[in-house]
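**Student:** Sequence:
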Amino acid sequence: MSEPSEIQQNITEAQYAATSGTGSATITITNYYYREEARITPADSAHVADDNLPCPYRGLFHFGPGDAEYFFGRKSFIETLFQATQTRNFIPLLGASGSGKSSVVFAGLVPKLQQEGHWQFTHFRPGSDPFHALALALVPLYTTNLNETERLAQARQLANYLRDGDIALADVVAQIQHNYPRERVLLIADQFEELYTLCHDEKIRRNFLDKLTTSPFERVGMVLVLTMRADFLGNALSYRPFADVLQNTDLKLGPMNREELTEIIKKPAQKLEVTFEAGLVERILDDVESEPGNLPLLEFALTELWQRRQGKQLTHLAYTEIGEVQGALARHANEEYGKLSEAQREQMRRIFIQLVRPGEGREDTRRLATKAELGEVSWALVKQLADARLVVTSRSEEAQVETVEVVHEALIRNWGELRGWMDTDRVFRAWQERLRGAMGQWQQTQGDEGSLLRGAALVEAEEQLKQRPEDISQSEQDFIKRSLEERERIKQEKEARRRREIKTAWGIAAGSLVAVVVSTGLGLMAWKQTQQAELNLANARGFSSLSLFDKGKELDAFVEVIKAGKTLQNQHKYDKEVTNALQELLNRKSERNRLEGHYSYVYSVNFSPDGKTLVSGSWDNTIKLWDVETGQEIRTLKGHDNSVYSVNFSPDGKTLVSGSADNTIKLWNVETGQEIRTLKGHDSSVRSVNFSPDGKTLVSGSGDKTIKLWNVETGQEIRTLKGHDSVVYSVNFSPDGKTLVSGSDDKTIKLWNVETGQEIRTLKG
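Residues 1 to 765 in my numbering are what the sequence shown spells out, letter by letter.
Since the hints were made in silico from the structure, they are not lab data. No residue lacks a Cβ here, since even glycine has one placed at the ideal position from N, Cα and C. Heads up, some of the hints might be wrong.
Listed next, with one range per pair, are the computed distances between beta-carbon atoms [what the hints assert, rightly or not]:
| # | residue 1 | residue 2 | range |
| --- | --- | --- | --- |
| 1 | GLU116 | LEU272 | 40 to 48 Å |
| 2 | ASN179 | LYS764 | 44 to 52 Å |
| 3 | SER730 | ARG499 | 28 to 36 Å |
Under the rule of at most 25 Å between Cα atoms (straight-line distance), these lysine-lysine pairs were calculated in the DSS-like manner [claimed, not checked]:
| # | residue 1 | residue 2 |
| --- | --- | --- |
| 4 | LYS383 | LYS339 |
| 5 | LYS696 | LYS680 |
| 6 | LYS312 | LYS339 |
| 7 | LYS638 | LYS203 |
| 8 | LYS764 | LYS722 |
| 9 | LYS252 | LYS112 |
| 10 | LYS466 | LYS481 |
| 11 | LYS371 | LYS481 |
| 12 | LYS371 | LYS383 |
| 13 | LYS705 | LYS747 |
| 14 | LYS491 | LYS481 |
| 15 | LYS466 | LYS371 |
| 16 | LYS680 | LYS638 |
| 17 | LYS722 | LYS696 |
| 18 | LYS494 | LYS481 |
| 19 | LYS612 | LYS654 |
| 20 | LYS696 | LYS654 |
| 21 | LYS252 | LYS75 |
| 22 | LYS705 | LYS722 |
| 23 | LYS339 | LYS371 |
| 24 | LYS680 | LYS654 |
| 25 | LYS722 | LYS738 |
| 26 | LYS696 | LYS738 |
All chains, please: the whole structure from these sequences, using the hints.
**Tutor:** This is the structure:
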């Protein structure tokens with residue numbers, strides 16, 4: 001496959017001719033990448049038929065507008081989709097991976113709308129920065145006659161305006177309609193699941209969804225069609241405003257029936273007067289079955305079969321040679337893998353594990369990697385793999401960098417070698433994705449020290465860096481090293497503080513010690529006789545005190561050394577060994593019942609109602625339960641993805657609540673340590689959480705300046721209280737549960753009526 005620059009993927013205005021039996025029409029889709037060469041270039045010239053017929057099948061690529069004449073099997077659904085555009089302005093299209101969502105839009109809906117006339121088309125994929133991706137799709141229609149440099153600058157500016165709310169999306173759409181007063185606009189958001197796989201910041205996701213779904217498209221004749229894998233519907237429904245918009249509006253693209261499958265097998269070949277050997281179509285149909293995920297495999301097998309045709313016939317022999325539907329893709333990948341040296345194979349493994357994002361309760365998905373992540377040395381092999389149609393290279397307009405991704409997720413599902421690599425490296429890759437999420441947050445805060453890795457997360461990163469530096473990009477290594485430097489700085493600062501505290505403590509202790517020394521010194525002048533037995537006992541007690549201290553019995557140690565001092569004082573004797581023992585104890589003194597176990601700062605602690613258990617929440621993302629009497633750790637609760645700012649027990653002591661910098665609230669079973677449920681709704685860190693006196697209601701205060709009330713039993717949000725102008729650091733109920741108090745960084749305290757949610761008064765001081 002050629003480089004993107006060679007095939008001139010012009011992002012501003014790419015035009016494609018969709019020919020039909022009655023003539024030709026030009027379809028223009030703004031911001032749409034289309035790899036024309038993939039339709040006509042074979043992977044292995046040794047098996048190409050000796051004529052120049054173009055291949056009517058698309059391999060693992062989706063059908064585009066220029067392929068409309070070869071796109072069959074979805075006529076009924078295309079009509080349904082077309083009718084939806086006549087009456088609706090928001091059309092979510094859901095389907096399984098490989099069900100043909102992109103093809104049905106680009107090669108089905110778009111050409112049909114073009115025939116109707118009076119339409120403008122534009123397209124984007126959310127990627128890691130959905131606002132910038134959307135801006136790239138809108139700018140050419142919003143501000144016409146821009147050169148490439150001006151367009152990119154305008155897109156960056158518009159993305160910032162949309163993100164910050166300085167310009168409403170509705171105003172942008174209205175301007176586009178003003179530019180095209182006699183036309184409607186189809187905005188295509190393809191592969192919308194990227195919003196969840198590539199954009200790691202939940203606050204940005206929610207902001208983007210709010211902007212996208214609340215714009216009055218119906219007033220200006222714009223239609224938004226988004227395609228999304230059905231297994232990401234749960235992610236979409238987890239945000240209530242978006243779930244409300246999706247309610248009863250989505251179209252579901254199901255599997256094809258046998259008649260439709262027959263069309264996509266036979267009709268493209270018939271267009272070029274190529275036939276199938278008797279019984280071959282039925283054989284292929286039997287192999288495909290009705291699984292929607294098999295469509296990419298079918299299309300790939302037909303593409304391979306086309307390259308091995310005999311004259312104008314597709315044969316059983318060729319179909320067997322390619323490995324049939326289920327084996328064609330794996331056979332092709334294995335062939336390309338087999339051509340490599342041992343060193344290149346290892347390099348290919350490292351490349352491919354970076355192109356797959358580990359699924360969490362769902363299938364793995366493809367991931368866009370940059371040239372910088374993979375390295376200059378690996379990029380030569382990336383180009384070779386692109387020529388073999390296993391990966392697709394491109395250029396990110398957002399970051400102006402070269403990128404690569406797996407050609408289709410069917411390769412992830414069906415190539416055994418790749419599945420094996422992922423199974424082996426799944427733990428590492430899952431960790432690496434968490435690292436990238438943390439690094440992204442750090443970069444968004446302009447390198448704020450508070451966003452660096454800490455505690456257990458840093459310990460794990462340090463170990464991974466030692467074990468697998470070759471699989472960790474330079475930017476990721478720099479992030480880890482910067483975190484290690486910060487840990488060392490904090491350690492040195494803590495050590496310096498400890499030395500100052502010891503010095504201060506010794507100054508205080510010295511006064512007491514001098515009193516003992518003076519007293520015993522005076523005794524030497526006043527008394528001439530000694531009682532050797534008591535002096536021996538005093539010495540024994542001095543040595544015993546150090547032994548007791550080393551065993552953790554600090555109080556007993558001090559009792560012993562005080563007894564020894566008293567003996568000397570009574571005898572008016574000075575003893576160097578006893579004095580040294582007292583000095584040593586003072587130097588080694590530490591807090592009694594210190595509870596140690598967290599790897600970093602402890603933000604919140606609370607007693608259980610019966611006073612027997614202590615809970616702590618830490619920067620290291622964990623919660624710990626402690627036995628107050630023994631000081632022993634009972635258990636550690638893990639589940640938050642960021643620092644735990646607030647922890648509290650329910651009035652009956654059976655339930656624990658935690659608020660975190662990951663914007664969530666979690667309820668836990670104290671006895672088992674199991675998570676009960678997660679409450680989501682805040683757009684920033686949850687700084688404070690508390691139960692009502694009856695334990696039925698929960699209150700939370702957040703960095704998003706709001707206070708939320710929750711039903712403990714159902715986990716549903718009851719209401720949101722707004723009034724503070726900055727972070728809400730503390731919230732609590734009155735003893736009767738009727739009044740709520742909140743403290744904020746805006747320097748105010750507010751009282752609220754719990755039943756109505758109304759603010760009672762503001763206290764300023």
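**Student:** Taking the hints in turn, state whether each one holds.
**Tutor:** To see whether the hints hold, each was checked on the structure:
1. GLU116 / LEU272: 40 to 48 Å: Taking Cβ atoms as reference, GLU116 and LEU272 lie about 28 Å apart, which means the hint is violated.
2. ASN179 / LYS764: 44 to 52 Å: Taking Cβ atoms as reference, ASN179 and LYS764 lie about 50 Å apart, which means the hint holds.
3. SER730 / ARG499: 28 to 36 Å: holds (34 Å)
4. LYS383 / LYS339: holds (15 Å)
5. LYS696 / LYS680: Between LYS696 and LYS680 the Cα gap is close to 18 Å, so the pair holds against 25 Å.
6. LYS312 / LYS339: Violated, because 30 Å separates the two Cα atoms, which is more than 25 Å.
7. LYS638 / LYS203: holds (22 Å)
8. LYS764 / LYS722: holds (17 Å)
9. LYS252 / LYS112: The hint holds at about 19 Å.
10. LYS466 / LYS481: Holds, at about 11 Å.
11. LYS371 / LYS481: holds (22 Å)
12. LYS371 / LYS383: holds (11 Å)
13. LYS705 / LYS747: holds (13 Å)
14. LYS491 / LYS481: Holds - the C-alpha atoms of LYS481 and LYS491 are around 15 Å apart, at most 25 Å.
15. LYS466 / LYS371: With Cα atoms ~23 Å apart, LYS466 and LYS371 stay inside 25 Å; holds.
16. LYS680 / LYS638: Holds. LYS680 to LYS638 sits at ~17 Å (cutoff 25 Å).
17. LYS722 / LYS696: Roughly 22 Å separates the two Cα atoms, so the pair holds.
18. LYS494 / LYS481: Holds. LYS494 to LYS481 sits at ~20 Å (cutoff 25 Å).
19. LYS612 / LYS654: Holds, at roughly 13 Å.
20. LYS696 / LYS654: Holds, at about 13 Å.
21. LYS252 / LYS75: The given pair, whose Cα atoms are some 15 Å apart, holds under the 25 Å limit.
22. LYS705 / LYS722: holds (7 Å)
23. LYS339 / LYS371: holds (23 Å)
24. LYS680 / LYS654: Holds: LYS680 and LYS654 sit about 22 Å apart, inside 25 Å.
25. LYS722 / LYS738: holds (18 Å)
26. LYS696 / LYS738: holds (13 Å)
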